[in-house]
Amino acid sequence: MNPMLFAPELVLLFGSLILFFLSLSGSGGRQARNLSLVIALVAVVLTFAGFNQQGTLFYAAYKVDHFSQLFKLLIGCGLTVVLLFGGDLKGVSDEVRPEYYLFLILSTLGLVMLVSSVELLTFFIALELSSYSLYLLVPMRDDRTGVRSQMEAAIKYILFGVVATGVMLFGMSYLFGLTGTTYFSELLPKLHALGATPAAMVGIAMVMGGFFYKLGVFPFHFWVPDVYQGSSNETTAFIASVPKLGAVALLIRITTLVAPNSEIVVDLMMGLAVASMFYGNLVALVQKDIKRMLGFSGIAHAGFVLLGLITLQESGYATSMYYIFGYVVMNLACFLVICKVSAQGENVLIEDLSGLHKRSPLLALTLGVGMFALAGIPPFVGFMGKFMLLAGALKAGHLTLVILAALNTAIAIYYYLSVVRVVYCNDPEERPAVAVDGVTGAVSVGLMVLIVAMGLAPAGVLEMATQALRAIL
Amino acid sequence: MDFLIMNDGTPWLSILIFLPLAGALVQMCLKGDQAARLWAMLVTLATAVVSLPLYFKFNPNTALYQFGEDHVWIPSLHIHYTLGVDGISLLLVLMTTLLMPLCVLGSWRYIQKRVKEFMVCLLLMESFMLGVFAALDFVLFYVLWEAMLIPMYLLIGVWGGPRKVYASIKFFLYTLAGSVMLLVAIIALYLKTGSFSIPNMMGQNYSTVFQTWVFLAFFLAFAIKVPMFPFHTWLPAAHVEAPTAGSVILASVLLKMGTYGFLRFCLPITPEATFTFMPYVLWLSVAGILYGGFTALAQSDMKKLIAYSSVGHMGFVTLGIFVLNTKGIEGALLQMINHGVTTGALFLCVGMIYERTHSRELAMAKGVGQYMPIYVTFLAFFSLSSLAFPGTNSFVGEFLVLAGGFAKNKVVAAAAVPGAILAAAYMLRMLQKVVWGGTDNPDQSYLTDLNLREIVTLAPLLFFVFWIGLAPKPFMNVMHTSVAHLLDQVNVAQAGGAVKVAKVMLP
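These protein sequence lines are chains A and B, in that order. If you read the first sequence in the working numbering, its first letter stands for residue 2, the second for the next number, and so on. If you read the second sequence in the working numbering, its first letter stands for residue 343, the second for the next number, and so on.
Keep in mind the hints are simulated off the structure, nothing from the lab. Be careful, since some hints might not be right.
[Claimed, not checked] Some chain A residues judged to face chain B by a derived CB distance under 7 Å, without partners named:
hint, residue
1, Lys289
2, Ile378
3, Pro379
4, Ala397
5, Gly398
6, Ala407
7, Tyr425
Where a beta carbon is used, it is the ideal one built from N, C-alpha and C, also for glycine.
My request is simple: use the sequences and hints to build the entire structure.
Right, here's the structure in full:
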């Protein structure tokens, strides 16, 4: 066995073990955070070094290829960015911080394994590893409101999660029943041979449900606003970005199972996409808490991601990947600002951002760029992604869907713009200036450059995504 | 790329577009307000100088796009970075580069807070606007067209008047909502032609139904930008609240993008639908002319007055475009430039009085003629130009438009004529109040007349008012071939059912 194949996973695994012992020793969060950062960086470097590795492990249940390596790299980078700007972890008390980082690393480990697994049970185990660690992160927040909203969020998260997992397992049982295998490489030809058999369609749709839940697609979205609001800002930053990479990776894998002529699954996904976009955007219009607003906006963006999948073509999958990469970057930029503006880890209302341009010009610019990018205004990455998704969907003949999606862009601009308005046009009044340390400043500049660069030169990223897809198609 | 004459080795258009952008990036690193003003002035002047060779090297005898550049941008979607100007866009590019230094000069004292950021926004605007006029790839066009909203939003929202928040959001939402369907139309056209090249989309034999839908999507986007009645409601709000430079950019350049869009996209890409919808657009233009005129007559806020007068003037432009003959379109093109020069100058004039009295109310500006003789001289000439007085620039443009209108249909043209009279009424009313006022003038003795900077700001515009008014030939020359080519492209479709509808609508 080539150790390089499994090196990032091993680093995360041993890292979490060290964190576990650190949590037993009762030492502080500072140490744990630095250690996690080292783990994350080493994992990123190792993934990068092994980017061109290929091979299978564990009786072919685990496959390392371009596709998995690309996602692993991005998951690692996402974790690193969250650790960099969320270093002070204001919303979580010092004594549980080692555990916090332990579960954060474990959750990342789950995601990293998820994108490599090519067998249904491995899927399931990896998914649960990442989900259960996340469930535990949510209630670790300090109880500052006195109503234990973080507990409520955690319970919702776990209950909906379990239901979604149940649906997914049920679907897997159908697939196994139909084909007699849990291996992806064998499922694919058998399911395609079955064609548009109702049982196969139902099975695939139910398996998708598990990842719709992760991505926050209607009707698996109910956890999103409450968990976003109830978790500490740093946790939300993670939940809102990194796991979505894994979800899209797996959704692409599952969508490839859909036989080319199965209209029903495509229609179902179209319906879910439209429902997600309208629901997310319309409800986001009236939000006051910015995390909640971003939660609903995330639901709408999840709908957009589906636009690429319904084409059932390589180019469509590639744009979906491009879109979710861009989405993670934009979202991280926004959450970076939220984490910094929140002085003691409390939730940030949109109103609290008043006059941010005077309190911290850099953060204001970051948030402005992030919001305009999420809204899909050029020259940012959000526009390019949206444009390519619409072009792909129209090419596949879904005119009505494209028009509805375009209308959603117009609806969405209002709430993104309201944030920019508060940041740039309102007076700060009594609100204090926000200090930005060097690392955070560098990260925010880096994220802005990425948002613009990906928007202006999407060819490189698309090429990378297409290469990665060749490995699985 | 047979529609393109490549540049002579110097990428003039790219230099034009990227010079202000680079200037904006440098600007961000500068310290101090005065340095920011000087730097912005330097960059905009340099851009203006760089744009001059475009006029002298332009070959007016070809309808092809000149100074062309073509690079692959996103290969998988066949998106190119294609630039080029023809007789339709050349003058708009030059007008933009001329106006920007004046905008910087006009904001010299007006903008006192966050000067650096203001100038960055101005430079970004210039870059995007020039790009919109020069882009020959639809995605490039759309990217710049939308990107422009961000600095413009900030110009109004941060440096605007008391109702800036309302005005800026309304401006942004209106324009963006109008352009989302444009995006869908662009993609639909791409799927038909296989590329995003604008000239390649022209003259294709699209089906009537397809043309109709594409035209409607185009029309919504451009009519909002123009703005045509009844899509004009964002305009008075945005104009009134924007700072002087913002109003000038809005009125002089941004509105032209709508009419430029009609000329560049609607007419040549969807000629059949253009004929179908022509009567409706003509009547909407007439409605705009009359509505703008009457509303301007009732304003007590000088900026609002000029804003509504813009609705009327732009009505003349759309009228000229949609009569679909040489005189009409050439008149409309010239009128686009005229409106840019004259209305820009009027907004600068209002800004100058606002800096002194801190009010835009006509009643507060009554009788300043006694104390500001130079100012009212400028104002008088620009007002006369605005009402299309013979000898000034607008006369030539409006005359051509009406001549084209009468050649097309006497009823429509006759219905637009009262607009010219209304223009005289509201402009002279304003002029009378500002110069002389009445017996109850407020005390204006504290006012100082224009200083050298302000005179320098207005003088070039006055020069163009008379130049175009007395000798429009250098301006008309460059457009003849392109307009003739455009009409050829449109007239291909002049057959079939569209004409019958026109007979009913245009008695």
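Going down the list of hints, with the structure as the test:
no. : hint   : verdict
1   : Lys289 : violated, 17 Å
2   : Ile378 : holds, 6 Å
3   : Pro379 : holds, 4 Å
4   : Ala397 : violated, 10 Å
5   : Gly398 : violated, 10 Å
6   : Ala407 : holds, 4 Å
7   : Tyr425 : holds, 5 Å
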